[in-house]
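J.: Sequence lines, in order, name chains A and B.
All letters in the first sequence, in the order written, are residues 1 to 113 by this note's numbering.
All letters in the second sequence, in the order written, are residues 1 to 107 by this note's numbering.
Think of the hints as simulated: they come from the structure by calculation, not from any bench.
All values reported here derive from a predicted model rather than from experimental measurement.
Glycine included, each C-beta is placed from N, C-alpha and C at the ideal position.
Heads up, none of these hints are tricks.
Have a look at the derived ranges for each label pair, beta carbon to beta carbon: (1) A:Val2 - B:Pro80: 23 to 29 Å; (2) A:Leu5 - B:Ser77: 32 to 38 Å; (3) B:Asp1 - A:Asp73: 28 to 34 Å; (4) B:Glu81 - A:Lys43: 20 to 26 Å; (5) A:Asn52 - B:Ser52: 26 to 32 Å; (6) A:Thr87 - B:Ser22: 30 to 36 Å.
Which bits of chain A does chain B cover? Going by a derived footprint, with three or more residues having C-beta under 8 Å, they are: (7) 40 to 54; (8) 61 to 69; (9) 101 to 107.
Okay, here's what each chain looks like letter by letter:
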Amino acid sequence: QVNLLQSGAALVKPGASVKLSCKASGYTFTDYYIHWVKQSHGKSLEWIGYINPNSVYTNYNEKFKSKATLTVDKSTNTAYMELSRLTSEDSATYYCTSGFVYWGQGTLVTVSS
Amino acid sequence: DIQMTQTPSSMPASLGERVTISCRASQGISNFLNWYQQKPDGTIKPLIYYTSNLQSGVPSRFSGSGSGTDYSLTISSLEPEDFAMYYCQQYDSSPWTFGGGTKLELK
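Using the sequences provided together with the hints, build the complete structure.
T.: The following block contains the structure:
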């Protein structure tokens, strides 16, 4: 059974960084690109970018290029997204998804002092 | 960026009713269109890919159609578990973009 298990909710201070994780199981990790999607409270979905777990090539939405950094660890089938210089605008739920087929449960990030 | 406009934004409906949600792209997207369902707990379930192909395990009451800039999701007979948010998404060109969502509510 395919599962994408995301890290737990995070409360972070403005200006800080946070690194979210997404651990894949039940399929061959390199078979799908890992995408990350942002959902602000009560809003729609925004695509942040993707990483090819095989080549580690990344493609970012221009809007998030200076905000998000995507990495993977093939040895643990885990994808990561680091968000930097956090502001209140970054408070949201972040989802990882394998090829838009399998989805994680989401990680709530709250930016507050 | 391609803008995706979903209508309606909310839709009251009854059990057993047939409903259709529309999605219009700001330019042609060559059928590269997905549909998703999101439940109140945040769980996202993919329903349809490439306009009209059902994801594995999705009931046959769901169907998708369209071409060019206009696409739609139809649920032939609403079940209780279908009351949720629905989103379309284009993946014709980067950045991939989503519609604003349609909330399907029990009338």
